[in-house]
Amino acid sequence: MLISCNKLKTHIKNSDDINWLQIWDTFTIRTAEVEDVRVVGNSFEGVVVAEIKECVAHPDSDHMHILQVDAGEKDLIQVVCGAPNVRVGLKTALVKVGGRIDDVKITARPLRGVVSNGMCCSGRELSISDNHDGILELPTEWENGRDIKSYLPIDDIIVEIDNKSLTNRPDLWGHYGIAREIAAITNHELLPLDVEEVKNDKQDLDITIKNKDLCYRYCGLKLENITNNQTPLDMQIFLYYVGMRSISLLVDLTNYLMLELGQPMHAFDARVVKSIEVDTAKDGDVYTTLDGVERKLTHDMLMIKNGSKYFGIAGVMGGLDSEILPDTTSVFLESATFNAGSIRKTAVALGLRTEASARYEKSLDPNMTDMALKRLLYLLRQENPDLVIASNLTDVYPFVLTEGHISLQKKTLATYMGRVLPDADVKMYLEKLGFKVEVAKNSYEVTVPTYRHTKDVFIEQDLIEEIARLYGFENFEPKPLKLELSPKEHENVFTQEYEVKRLLATKYNMHEVHSYIWYDTSLLKELDLTKEGIKLLGKNENNILRDDLSLSLMNIVNFNYKNYASFGIFEIGSVFKKKESYRRLSIILVSDESALEKLYNGAKQITKYIFASLKNVNVKIMPNKDVASYYDGSLAKKVLVADDTIGTINVLSQKYATKIAKKKTIVTIEVDFDKYVALAKNPVLVEEVSKYPVVSLDYTIIVKRGKYADIETVLADFKSNLIKKRELVGTYENKYTIRYTLGSNNKTLEPKDLQTFKDRFMAHVKDHNLEIME
Amino acid sequence: MEEELKTLVTDLQKELSSCTKEADVLNVKSKYVGKKSRIMEIMASLKDMNVDDKRKYGSLINNTKKDLERIANEYLENLGNTLDVNFDDTLDYDVKMGSLHPVTIVAKEVTDCLKKMGFTIVAGPEMDSEFYNFEALNIPKDHPARDMQDTYYLDNEMLLRTHTSGVQVKAMEKYGAPLRICVPGRVFRNEDLDASHENTFFQLEGMVIDKNISIENLVGVMQELLREVFHTDVKVRLRPGFFPFTEPSYELDCSCLICGGKGCPTCKNSGWIELVPGGMVHPNVLRAGGIDPEVYNGFAFGLGLTRLAMMKYKIKDIRVFNAGDIRYLENFKID
Chain A
1 MLISCNKLKT HIKNSDDINW LQIWDTFTIR TAEVEDVRVV GNSFEGVVVA
51 EIKECVAHPD SDHMHILQVD AGEKDLIQVV CGAPNVRVGL KTALVKVGGR
101 IDDVKITARP LRGVVSNGMC CSGRELSISD NHDGILELPT EWENGRDIKS
151 YLPIDDIIVE IDNKSLTNRP DLWGHYGIAR EIAAITNHEL LPLDVEEVKN
201 DKQDLDITIK NKDLCYRYCG LKLENITNNQ TPLDMQIFLY YVGMRSISLL
251 VDLTNYLMLE LGQPMHAFDA RVVKSIEVDT AKDGDVYTTL DGVERKLTHD
301 MLMIKNGSKY FGIAGVMGGL DSEILPDTTS VFLESATFNA GSIRKTAVAL
351 GLRTEASARY EKSLDPNMTD MALKRLLYLL RQENPDLVIA SNLTDVYPFV
401 LTEGHISLQK KTLATYMGRV LPDADVKMYL EKLGFKVEVA KNSYEVTVPT
451 YRHTKDVFIE QDLIEEIARL YGFENFEPKP LKLELSPKEH ENVFTQEYEV
501 KRLLATKYNM HEVHSYIWYD TSLLKELDLT KEGIKLLGKN ENNILRDDLS
551 LSLMNIVNFN YKNYASFGIF EIGSVFKKKE SYRRLSIILV SDESALEKLY
601 NGAKQITKYI FASLKNVNVK IMPNKDVASY YDGSLAKKVL VADDTIGTIN
651 VLSQKYATKI AKKKTIVTIE VDFDKYVALA KNPVLVEEVS KYPVVSLDYT
701 IIVKRGKYAD IETVLADFKS NLIKKRELVG TYENKYTIRY TLGSNNKTLE
751 PKDLQTFKDR FMAHVKDHNL EIME
Chain B
775 MEEELKTLVT DLQKELSSCT KEADVLNVKS KYVGKKSRIM EIMASLKDMN
825 VDDKRKYGSL INNTKKDLER IANEYLENLG NTLDVNFDDT LDYDVKMGSL
875 HPVTIVAKEV TDCLKKMGFT IVAGPEMDSE FYNFEALNIP KDHPARDMQD
925 TYYLDNEMLL RTHTSGVQVK AMEKYGAPLR ICVPGRVFRN EDLDASHENT
975 FFQLEGMVID KNISIENLVG VMQELLREVF HTDVKVRLRP GFFPFTEPSY
1025 ELDCSCLICG GKGCPTCKNS GWIELVPGGM VHPNVLRAGG IDPEVYNGFA
1075 FGLGLTRLAM MKYKIKDIRV FNAGDIRYLE NFKID
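Line by line, the protein sequences are chains A and B.
By our numbering, the letter at position 334 of the first sequence is numbered 334, and the numbering carries on one by one without gaps.
By our numbering, the letter at position 50 of the second sequence is numbered 824, and the numbering carries on one by one without gaps.
Please keep in mind that the hints were generated in silico from the structure rather than gathered at the bench.
Just so you know, even glycine gets a beta-carbon here, dropped at the ideal spot from N, CA and C.
The reader is advised that the hints may include incorrect statements.
[Stated by the list, open to error] Taking CB as the label site, the calculated pair distances span: (1) B:E1002 <-> A:T506: 51 to 61 Å; (2) A:K562 <-> B:C1033: 32 to 42 Å; (3) A:T506 <-> B:K1086: 52 to 62 Å; (4) B:K1086 <-> A:K562: 28 to 38 Å; (5) A:S653 <-> B:D924: 57 to 67 Å; (6) B:P952 <-> A:L529: 47 to 57 Å.
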């Protein structure tokens, strides 16, 4: 929202005491964020009032004129001008020779052979309006030769306030509210607004609110005999500076009131609008708004209407057929309050967020509608002394909003502030903001003005905020929390995640990545995969939540495989099924096609290492039949803790791997991280080291048909109390070398003990049809 | 005399340096410190010196003898330890290292600091109900935050959480008061991507519930936290903010570390970065969590972890976080 400091100054007594450039830093930390402070009006110099005394057509041009103007000097000045509205007697703005517009210095120079000693300017050329239809037309009573800045509020400071930081402050959506804040912050006095009272000795207008839930108050006033519809220049400049187009006095005044008070208003042509109903639209009706666009209506949109005839979409935009025309002399003025949520929904549904709807969305104070009408009447009267009030100020106000009352306990205030404030300060802070305060023994009895009571200030804490911000957040001293000596750690998920991440990054040189939690649908399409997951509403692509973290990481594999011959990435993230989300660890190992064996066995080692080092758990890796179609079925493994599956190891089928990373092998490890977190660390059981020496025996077993897993079961079956340890120490083709470490805690093993072991072992192996290399 | 003693030492060193065998070293040692060595002669002559000379040279002679013995012994010792080196000891290698995601690194730093202040790190689900994401946080049905424009709603009547604040009420329900938690986590907003907007980013929720908590405690924790994270006193400012689940609410800005406060695209030329919104927990939220606001109060804050990582590492484009480009990510060594 753009704010003009010139306008603010008119609302504050002794406003020149305020440094209007610097106050905005304070405003930011007291009230709302200021995004920009801009000095305007400095784009030109040496522009004076000049009266056209003579005007003749330029002999060598079809549109230029040669003017002799009176700029308050002894001699008339000759100026060549191409504007269509030049005429004798017109007073306009002249940049004299030596003056400047933007970066152009004005010099005497010939225009098609005739010397021009200066330049007459349009509003746009002076950057004070967007009007470029002709040169400025200034009031005839202005003195020739005087700087136009002495007549017009051209030098101004324009401030942009972040709209987002005003969402909870409906009272700040107009200059008057901002002025109230500035006055409170700087300890100045806010001036009342000039209004014209309405006697109400005429007829009421015919106004009916049919839907009282959506329209809280509707005030109407009919005015006639409006003959001057010309907006004064200073108001035009103001409107231009704050980003509003000047149209005609009546339209401009409704906008002006919105910018001043924050109360949106509407002027209907009284020839069209004679009586009003406020009610919702009929589904499927079509209506053309002021901007000439046809809008499709639905039954929850609130309308200003009469019978089946619509006049406007309440709080959003008026209609084309009741708009103010150049020949309009009588108007039906609307100043109303609507339900914030309803206006917002309508505006969003129509894709039509207007200045009015933006304000209504904030929950405006219904108690300013009549005031706005009286203020508009006052301002309109300045330009139309003969206007006629043709109706009562008609006020339909079903449920009156009254001031709020909050009892603020001194104890609560002191707790929140961390200190006790003097009663006088509390009273001052609140009263400057328009609250009324009675100081009681243990509390402050606070009356909340209605402009802060639509949705903003209801409870003690709301008042504490008002006090705290005027006291100044910068005046709070940081105070540490008192730490109890028995800190409780309720959860350690984060720590466990971090441990695993750190292990993978430091021990295995892998890179942690983050991927989106929805599948890349274009990749799924490329892979010709369909996923029936939870869907994001209102989206057509990337709209399926992942149920396989590894698959969603394939994008990242695809992105990187050209830059690295081999790499490992991992993520701990969520996957989703039905109404539940689950945490998963996914590790993706990528290398050349030829490295499948190394990569695959590496994956098994990594998996075992994670559990062994961080949980002291020895996991089992077994074949897995239940595996997604895009993984290779023969190599699919599940990772077991006891008999519970806690993870999987897979190889992406070559068909898919080729599409993701050409000539690469992709191996995935996935761990159910919820189970991982819940898995208790095995206690470390210290086994006494035997005093007696141990003996190592190596056996190489030949497997004719089958795999290591087949001999593993045979070996596991062989029991002896001499076995301290058994490990696979080497493989070559179909030969597996097993090392037994034998020993006893009571004695040094004798040759006969070893012989017995050997004999038993050989017999056991042979019984199972395995061959041992001697 | 001094000259001669000095020469003895340098001579010994010179002779030793050409020795490669133990026997040679022993011979040299005997020559310089043995019974018939020059230093022994000099020591013997000490008793014939006059008192002045005795005082002048006595300790010098003794020390020289000790030095000679030490040098010879050291050489002898080193000779036994010498490795048989037959490789190029000047080779150099690059360090191969994995990397942690920058957000993980920053989250670890922040949570480490909060843990010291007694906070527990708590997790919450990324897919959540409207109740926990909105209702319980005092965000009514027609609040703009609930719009489709900002929130990813799902076809299972759930949504993707728009903030980590949903964990506030869950944690209150689960653990009661007093409570100190922080919740690092991923959140989702329906936004178009550009250099400063992501639909998926990280926040860290912090909440303290206790008796007699003041705004000053909040300021204290924030200052401590930022000092720890940036390893420097960062300029901060508090200004009023508005969130339905805190009252009073504030926005904490820190001076933009990318431009140093001069103004740049990251800080939208303001010199300040909105970093930690927060405030005193709204009584309705306490009630939703089953905690009596007459007895307890507290504060909550939301730290933009992704934004913090951008500040810390001077990352200009937010899209790098989820792009997974290893060439970029491998910069982030494990802190």
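Tested hints:
| no. | hint | in the structure |
| --- | --- | --- |
| 1 | B:E1002 <-> A:T506: 51 to 61 Å | violated, 23 Å |
| 2 | A:K562 <-> B:C1033: 32 to 42 Å | holds, 35 Å |
| 3 | A:T506 <-> B:K1086: 52 to 62 Å | violated, 21 Å |
| 4 | B:K1086 <-> A:K562: 28 to 38 Å | holds, 30 Å |
| 5 | A:S653 <-> B:D924: 57 to 67 Å | violated, 40 Å |
| 6 | B:P952 <-> A:L529: 47 to 57 Å | holds, 50 Å |
In this structure, the earlier hints numbered 1, 3, 5 are contradicted, and the remaining ones agree with it.
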